[in-house]
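> Sequence:
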Amino acid sequence: MSEEIFTSCSYGGPVFVHVKDGKMIRIRPIVYDEKDASSWTLDVNGRKFSPPRKACLSSYVLTERIRAYAEDRVKYPLKRVDFDPKGDRHPETRGKSGYERISWDEALHIVAGEMKRIRASYGPAAIMSRCSSHHMWGNLGYRTSAWARFFNLIGFTDIFDNPDSWEGWHWGATHAYGFYWKLGMPEPYDLLEDALKNTDLIVYWGNDPDTTRGDYGGQESYSGC
Numbered sequence: 001m002s003e004e005i006f007t008s009c010s011y012g013g014p015v016f017v018h019v020k021d022g023k024m025i026r027i028r029p030i031v032y033d034e035k036d037a038s039s040w041t042l043d044v045n046g047r048k049f050s051p052p053r054k055a056c057l058s059s060y061v062l063t064e065r066i067r068a069y070a071e072d073r074v075k076y077p078l079k080r081v082d083f084d085p086k087g088d089r090h091p092e093t094r095g096k097s098g099y100e101r102i103s104w105d106e107a108l109h110i111v112a113g114e115m116k117r118i119r120a121s122y123g124p125a126a127i128m129s130r131c132s133s134h135h136m137w138g139n140l141g142y143r144t145s146a147w148a149r150f151f152n153l154i155g156f157t158d159i160f161d162n163p164d165s166w167e168g169w170h171w172g173a174t175h176a177y178g179f180y181w182k183l184g185m186p187e188p189y190d191l192l193e194d195a196l197k198n199t200d201l202i203v204y205w206g207n208d209p210d211t212t213r214g215d216y217g218g219q220e221s222y223s224g225c
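Letter by letter, the sequence shown follows residues 1 to 225 in full-length UniProt numbering.
Worth double-checking, as some hints may not be accurate.
[To be verified] Here are the computed lysine-lysine pairs in the BS3-like style, where the Cα-Cα straight-line distance is at most 25 Å:
id, residue 1, residue 2
1, Lys-48, Lys-197
2, Lys-79, Lys-116
3, Lys-35, Lys-54
4, Lys-79, Lys-96
5, Lys-23, Lys-79
6, Lys-35, Lys-48
7, Lys-96, Lys-75
8, Lys-54, Lys-197
9, Lys-75, Lys-20
If you are wondering where the hints come from, they were derived from the structure by calculation, not from laboratory data.
Can you make the complete structure from the sequences, with help from the hints?
If you want it as structure tokens, here you go:
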């Protein structure tokens with residue numbers, strides 16, 4: 001099979017993904033050329049300024065190929081060899097006994113059975129669940145999706161997130177310069193152009209958009225980088 005090149009524009013940044021025989025063999029930043037749309041240009045005191053014509057990446061996106069094919073990646077449901085959900089669970093051997101692969105159906109039955117057991121024994125408040133502040137885990141795991149529908153049907157204890165993400169720019173932008181996200185979320189570089197046109201000074205705190213991917217770059221800490 002010949003080599004194919006795919007594109008990905010996730011939070012890690014825009015990349016080319018080279019695939020051969022169904023496997024990723026290389027990941028590299030997208031290269032812009034004359035076929036791509038031109039960048040914006042600001043004219044300030046007779047000088048013209050434009051953003052660099054390059055893709056800035058978070059470092060973790062370049063490790064995706066290694067992570068996908070890592071030998072210690074958990075790809076299937078596993079169960080402790082001496083764990084019996086309907087009998088002796090051997091808690092004293094946690095971290096000592098090995099694991100065996102089980103089917104997805106068996107894993108689902110174990111989880112469902114435990115949720116029923118805990119709910120019947122201690123009430124719905126004994127079941128706790130939370131979702132990410134963001135939607136990277138897909139629609140089923142986000143707070144405005146089937147996750148909320150499911151747990152609200154059975155009853156559970158929720159965990160309220162602290163304002164750890166978009167709350168700052170949401171409220172800051174709303175009150176500082178009139179930007180409201182319900183009008184549509186523009187591309188960050190378009191926001192930068194608008195801000196530069198109407199700002200004397202911009203301070204980047206813990207961010208270097210000229211060399212690294214600014215959006216969610218903090219994910220590097222828990223992505224093995």
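> Decide, hint by hint, whether the structure agrees.
Hints, verified against the model:
{"no.": "1", "hint": "Lys-48 to Lys-197", "result": "holds, 12 Å"}
{"no.": "2", "hint": "Lys-79 to Lys-116", "result": "holds, 19 Å"}
{"no.": "3", "hint": "Lys-35 to Lys-54", "result": "holds, 14 Å"}
{"no.": "4", "hint": "Lys-79 to Lys-96", "result": "holds, 13 Å"}
{"no.": "5", "hint": "Lys-23 to Lys-79", "result": "violated, 28 Å"}
{"no.": "6", "hint": "Lys-35 to Lys-48", "result": "holds, 22 Å"}
{"no.": "7", "hint": "Lys-96 to Lys-75", "result": "holds, 21 Å"}
{"no.": "8", "hint": "Lys-54 to Lys-197", "result": "holds, 22 Å"}
{"no.": "9", "hint": "Lys-75 to Lys-20", "result": "holds, 21 Å"}
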